[in-house]
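Protein sequences appear in the order of chains A, B, C, D, E and F. Per the numbering used here: the first sequence = residues 186 to 535. Per the numbering used here: the second sequence = residues 186 to 535. Per the numbering used here: the third sequence = residues 186 to 535. Per the numbering used here: the fourth sequence = residues 143 to 246. Per the numbering used here: the fifth sequence = residues 143 to 246. Per the numbering used here: the sixth sequence = residues 143 to 246.
Be a bit skeptical, because a hint or two may be false.
To be verified - What follows is a list of derived Cβ distance ranges for each label pair:
hint : chain 1 : residue 1 : chain 2 : residue 2 : range
1    : E       : Thr145    : A       : Leu342    : 26 to 36 Å
2    : F       : Glu168    : C       : Arg436    : 37 to 47 Å
3    : B       : Gly218    : F       : Glu168    : 17 to 27 Å
4    : E       : Asp210    : A       : Leu260    : 31 to 41 Å
5    : F       : Asp228    : B       : Val444    : 45 to 55 Å
6    : D       : Pro160    : F       : Met143    : 57 to 67 Å
7    : C       : Ala534    : A       : Ala378    : 25 to 35 Å
8    : D       : Ala184    : F       : Arg216    : 39 to 49 Å
9    : E       : Asp210    : F       : Met143    : 32 to 42 Å
10   : E       : Thr223    : A       : Val444    : 54 to 64 Å
11   : A       : Asp187    : B       : Ile398    : 52 to 62 Å
12   : D       : Asp228    : B       : Leu466    : 46 to 56 Å
What the hints assert, rightly or not - Computed list of lysine to aspartate or glutamate pairs in EDC-like fashion (alpha-carbon distance at most 20 Å, straight line):
hint : chain 1 : residue 1 : chain 2 : residue 2
13   : D       : Lys203    : D       : Glu219
14   : D       : Lys149    : E       : Glu239
15   : D       : Lys149    : F       : Glu239
No lab work stands behind these hints, which were simulated from the structure alone. Using N, Cα and C, we set each Cβ at its ideal position, and we do this for glycine too.
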Amino acid sequence: MDLFLDFLAAFGRQLQSPTLSFLLGGMAIAALGTRLEIPDAIYRFIVVVLMLRIGLGAGIAIREADLSDILLPALAASVLGVGIVLIGRLTLAPLSGPRPEDGIATAGVFGAVSASTLAAAMVLMEEDGLRFEAWAPALYPFMDIPALLTAIVLAQLARARSAPVAATAGTAPGFAPVPARGATRPRIGPIIADSLRGAALSALALGLVLGMIARPDPVFHSFYDPLFRGFLSILMVIMGMEAWARLAELRRVAHVYAVYGVTAPLVHGGLGFGLGWLAHLATGFSPGGVVLLAVMAASSSDISGPPTLRAAIPSANPAAYIGASTSIGTPVALLSIPLWIALADVVFAL
Amino acid sequence: MDLFLDFLAAFGRQLQSPTLSFLLGGMAIAALGTRLEIPDAIYRFIVVVLMLRIGLGAGIAIREADLSDILLPALAASVLGVGIVLIGRLTLAPLSGPRPEDGIATAGVFGAVSASTLAAAMVLMEEDGLRFEAWAPALYPFMDIPALLTAIVLAQLARARSAPVAATAGTAPGFAPVPARGATRPRIGPIIADSLRGAALSALALGLVLGMIARPDPVFHSFYDPLFRGFLSILMVIMGMEAWARLAELRRVAHVYAVYGVTAPLVHGGLGFGLGWLAHLATGFSPGGVVLLAVMAASSSDISGPPTLRAAIPSANPAAYIGASTSIGTPVALLSIPLWIALADVVFAL
Amino acid sequence: MDLFLDFLAAFGRQLQSPTLSFLLGGMAIAALGTRLEIPDAIYRFIVVVLMLRIGLGAGIAIREADLSDILLPALAASVLGVGIVLIGRLTLAPLSGPRPEDGIATAGVFGAVSASTLAAAMVLMEEDGLRFEAWAPALYPFMDIPALLTAIVLAQLARARSAPVAATAGTAPGFAPVPARGATRPRIGPIIADSLRGAALSALALGLVLGMIARPDPVFHSFYDPLFRGFLSILMVIMGMEAWARLAELRRVAHVYAVYGVTAPLVHGGLGFGLGWLAHLATGFSPGGVVLLAVMAASSSDISGPPTLRAAIPSANPAAYIGASTSIGTPVALLSIPLWIALADVVFAL
Amino acid sequence: MTTPAVKLTVIVERLLKPAVERLLTEAGVSGWSVFPGGGMGAHGLHRAEAAQLVREFAIVKIEAVVHDRAAAERIAETLTTDHLADQSGIVWLSPVEVWRAGKF
Amino acid sequence: MTTPAVKLTVIVERLLKPAVERLLTEAGVSGWSVFPGGGMGAHGLHRAEAAQLVREFAIVKIEAVVHDRAAAERIAETLTTDHLADQSGIVWLSPVEVWRAGKF
Amino acid sequence: MTTPAVKLTVIVERLLKPAVERLLTEAGVSGWSVFPGGGMGAHGLHRAEAAQLVREFAIVKIEAVVHDRAAAERIAETLTTDHLADQSGIVWLSPVEVWRAGKF
Ligand SMILES: Nc1ncnc2c1ncn2[C@@H]1O[C@H](COP(=O)(O)O)[C@@H](O)[C@H]1O
Ligand SMILES: Nc1ncnc2c1ncn2[C@@H]1O[C@H](COP(=O)(O)O)[C@@H](O)[C@H]1O
Ligand SMILES: Nc1ncnc2c1ncn2[C@@H]1O[C@H](COP(=O)(O)O)[C@@H](O)[C@H]1O
Ligand code: NA
Ligand code: NA
Ligand code: NA
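Between the sequences and the hints, there should be enough to build the whole structure, so can you do that?
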C-alpha cells in the first residue's frame, strides 16, 4: 500500500514535467484554432539534430562500454519488437475489420519506436536524475526494424492466405523493392536497407558511427547537447498540434483503433519494463535503461515507420495506423513516461 | 540644462547599441542591392522562439508577482492602445485622403505593438542594466488588442456614416467572420479570438501559460534565453531589409503617411512614458517598466496586426498602413528606444 | 627524416578531426542512398550565420589591429587569387577540350575561396590550439574577387581571339551587366559589385563592418561563436552529401577536370603556404595566418563563385567547374587542412 | 480513356485561402492542390521564399480540377465579385483531360 | 514558330515520386519539373509548408511536357492502374505549345 | 463572362529570373507569379527542397497570363534566342480563360 502511494506520488510529480507541458500546450492551441505553424524545414532540422545527438551520445558511450553488456538488452529490444507485433496480429487484426493488413500495419507501427518519445524520456530522466547507460538509446533500431519486418512478413502471409491465386498486380510503389505477389517470399535485406535509409535512422546511425570513431565530444557538448532540450520542447509543440489535427482522420476508421491506441502503449511498456527488469537481474542493466526500454516499447513510430509500411504494405489504410499512432499512441506513450519512471523509483527503491 | 546634457549623452551612448546596428546594417545591404535572403522558414521560427521566450519569461515572473501590481500598468496599456487610435482618427484620418479607412487602419497598426521592437527593448535594457518587472512584456496584448478593436469599430462607424445604405456586399474574406454591412454592430468576440490565434500572439500566450503553470525554467535558461539575443540580431537584419524594400511601396500613398510614420512613434512613446510615470508614482511601477510601456506605445505592429485589419477592414489600402509601419514606424520606434532609456536615466535619476 | 616523421605524425593526428569526419560521414550516407535531406532554408541560414560569425570576429579584431600588418597578407592573397587562375589558364585550359572557357572558369573557381573550407580550418586550428590573427579570415575577399575577375577577363580575351568577329549575341543573362561581345573590354566595377552582393560575401561584409564599428561582442560571444562549430558540422554533412551527388555530373566532362580537382588544391595550398611564410619572415604574420592563407588558396569556391562566373562567362559549362570544385576540389581542400597544420607544426617548430 | 474537364486556378494572398477553400467545399469540389509562391501584380511584389513579415500576405496558387465547367464558373464568379473586388488575386480556367474520372 | 505538345501533370505523395520518375525515365521523357505543395482530396488534408511528421506523405506536383501524346497517355495509364490504384494521387493532361521543340 | 488569354510558362534557373522579369516588365505584362521547384533535364537534376549549394542554380517556374498572344510569343522568342541559347530552361504557352479581363 505504501509502495502504491509512493508510486502515485512519484507519478504525480513526474506528470508536471515541462517537456510534457509543451505537448499539452501544442494540443491546446491547435484545439483553439491557432494559425501558428512551425515550418516544415525547422521540423526536419530538429529531427536531424535530435537524432544526431542521440547517436553521438550513444556512440561516445559505446567506445567505453563492455559490448557484452549490450547484448542482452539488444536481444530484449528485438524480442519486444517482434512480440508486440505478434500480439497485435492476434488481438487487433482480427477485430479491425475485413482487411487484416490494417491491423497488422498498425501493430507494426506500435512495435516500432518513436524518436520524439525516446528523446522526451531522455530529458525527463535527466530532470529526475535517473541515470541510464549512455548507449541505451542505441537500442532503438534493435526494436524498430524487427517490428517493421515482422509486420511486413505477417501482411504478406495474410495476403497469401486470403488470396492464394493473388493475381493482382499491386506493385510496390516508391523505393522499397518488395514484390507484391502473395506467393513470393518477402525479401528481408532490401526492407532493412530501406528502413535504415530513412532520415531519422540515417541520422542516428551517422551519429552513432561518428561518436564511436571520430571523438566529436567538443561539438557534442557545445552544440548538440545544449540544443537537445530546447529543440525537444519545440518538437513537443509540433507533436501536440499534429495529434490534434489527426484526430479527425481517426474518426473515419474503426473504433477499435482508438481503444488499441490507448491500451497498447501501457501493455507494451509494461512488457518492456518486465523484460528490462529481467536484464537488470541478469546483467545489471541500469534502472534508467529499464525505463528507456519500457518507453521504446510503449512508443509508436511517428516519423520513420509509416513510409516503410506504406511502401511495403500498400493495401493497408494509412489513416488507421497513422491516426492511431500520432493522435493517440504517441501522446499516451509520452504521458506514460512518468509512469515508468515512478515504477522504477518504487521497484528499484531509488 | 545639465539634465538635458545628461540626456543627450545617455541617448548618444544608447544609439551605439549593437542590436540597432544590425537594423541599420540590414537597411544598408538592402540599399546596396544584396542578394542575401533570410529564408521565410527561419524568420517564422525566430518569431516563434522570441515570442515563446517573452511569454515564458513573463509567465515565470507572474507566478511570483502580486497580481494587483499588474492591474494599473495593464489598464495604462489598454488606455494607450485605445487612445492612440483615437488620436489617429482625429489627426491622420481626415488628412489622409477621401477614404478615412486608410487612416484609421494605419492608426490601428500604430496603436498595436511590434513584437520585434519589444524584444529589442528588452535586450537594450539588459545591456544597460535597466531592470523591469519580468511580467511587463506580458502587457503586450493589453495594448495590442484594444488598439486593433478600436480601429475596426471606428472603420465600421466611418463606413456606416459615409454609406448609410451600405448595399455593397464587401464580405469579410478569410477567417475573421466580421459582417461587412455598415449598419451592423461589429462583433468584438470573434475579432479578439482571431487576433489571439495569430502566430505571434499564440506563441506568446502559450509561453505565458506554460511559464505560469509548468515550471519550464530549465529549458528557458538553457535554450530560449541564450538564443534570444542572437535570434533578435537576425530579426533586426530582416526588419532592416524589409524596411528598405517597402519604401518603394510607401511612395505610392499620400505624403501624410510618411509624416505620421516619423512623428507618431515619438508622440505615442511620450504618452506611454507619461502614463507609465503616473503608474510609477501610484504603485511603484519600475523605471524599466515605464520604458517598456513607452516602447510598446511607440511601436507599430508589423507581424500580427496587419492581417487582422486586412480581414476586418477590407476596404483599407494595405500599402498605406504596412508601408507607414514597416518602412518608417518600426525603424523610428526601434531607434527611439535609446531615447526612452535616456529619458528614464534622467527622470528617475538612475 | 625526423622532421618528416614528425610531419606524418602530426598529419595523422589532424586527420582524425571530428569536423572532417562529418564530411566523410555525409559522403558515406549519400553513397548508401540515404533519404536524409537537410532543408535548403537551414543550409542558407547556416551559411549566413557562419559568414556573419567570421565577419564579426574579424571586424572586432581589426579594431585593435595595426592596419599595416594586414597590408602584406592582403597583397599575398590577391597575388594568389590572380596567380592561381593564370596557372590554370596555362595548364588546365589547353588540355580541357575545344573550348578554353571551361578550363578558365574552373581555374576561376579554384582561385576563389570556399567559405565552408575556411570555417572548417578555423575550427580545426582552434582544436589544435594554433592561433592566427583574428582578422586573417577577412583576407577572403582579397583572394576571391581578384580570382573571379581574372577568370572573367581571360575568358573574354580567349573569346575575342577565337572569334574576332564575335557575331554571336550571347547576351549576359541575369544580374551581371557584362557585355558579351568579344571586342568590348570587360567592365570591372559591376563584376566586383555583383560579387559582393552575393549572399555569402554580403553577410561577411555586414559582419565585418558591424564588428568594426558596433561593438557586437556580447551577441558574438553568446550566439555566433557557440553556434559556429555546431553549424559547421551540419554544413560538413551537407558538403559531403553534395560532393557525392555531383560525382555523377563530373563523369560527363573531360577526365582532366578530375585530375585538376585532386592536384590543384595541393599545389595552390603549397603556394599559399610559401607566400604566407614570406609574409611571416617579412612582417611576422603568424603561423596560423600562414595556414589560413594556404587553406584559402587550396580551397575552391562552392557557394558564391559559380553564379558570378555563370553570369559573366555564359558559354562555360557549369558541369565542369561545379563538378570539379564540389565533388573533388572541396573535399580534397578540406582534407588537406591537416596537411598545412602539420606543415606549420614542423616549419615553425610549434 | 480520358475525360475532358476544366482546371480552375486561383492565385491569392494566403489571407484569402480559407475563403477560397470554403467556396470549393461548398460547391462540392472533391479536391484541390495548393502551391506556395510569389508574384508581381497591381499590388506590388510578393517574394516567394524570402522572409515575409506578414505571412498572410504571401501568395498561394490553388488548383482544382473539376468535371463540371458550370460549377467552376460559379466559383470563379463568386470569388471575383465577392472576395477579389478590392483584394489581390487572379482567377483563370484551362482545359484538361483526366484519368480516373470518378475522382472528380 | 511553336510546336504543339502535351503537358502531363501528376499530383502524388512524395512516396510515389521515385516511381513516377522511373516511369518517365523509362518512357524516354527528356525532362520534368517538380513542385512541392499541399492539397485536399479523398485522403484528407496535406498541409503545404507546415511541419508534416511524415515527409513521404507530403504532396508534390510533377509536370512533364512531352511531344508524343501517345507516350504521355501510356505513362498516365500505367500510373493510374499500377500505382494509384489504392493510393493518393491524380493525373491530367493539358495542351501546350512549345518553343525549341528539339528539347522535348 | 470569361475572356480567352494565354499563359506563358517559363522554367529557368533562378539566375535567369531577373532577366525574365525584365523582359516581362519591358513587354508591359501586368503581373506574373513565381513558384520555386526542382527538376530534371538535359543539364541534370535540380533538387526541389534539399540544400543546394548554389542557390542561383535552383529551378523556378514563372507564369504570366497575358491577353495578347503576340506579346507572349515575342517574349518567348527573345528568351529562347537570347537567354536560353546555352542555358537551362524551357518555355511553353497554354490557352486559358480569365475573369476580370481588365487586370491582364
Ligand atoms: N498576369 C498575371 N499572370 C500571373 N499571375 C499574376 C498575374 N497578375 C497577377 N498575378 C499574381 O497575382 C498576385 C496578385 O496580383 P495583384 O492583385 O495584381 O497584385 C500577384 O502577386 C501574382 O502572383
Ligand atoms: N480535383 C482535384 N484538383 C486538384 N488537385 C487534386 C484534386 N483531387 C486531389 N488533388 C490532389 O491530389 C492529392 C491526393 O488526392 P486524394 O487521393 O484524393 O486524397 C490531394 O491532396 C490534392 O493535392
Ligand atoms: N520536358 C520537360 N517538362 C517539364 N519541365 C522540364 C522539361 N525539360 C526540362 N524541364 C525543366 O527545365 C529545367 C532545365 O532543363 P534543362 O535545360 O533541360 O536541364 C529542368 O530542371 C526541369 O525543371
Ligand atoms: Na514500440
Ligand atoms: Na503602439
Ligand atoms: Na582558392
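Would you pick out the hints that fail for this structure and give their numbers low to high? Going through the list in order, the structure violates hints 1, 4, 6, 7, 8, 10 and 11 and respects the others.
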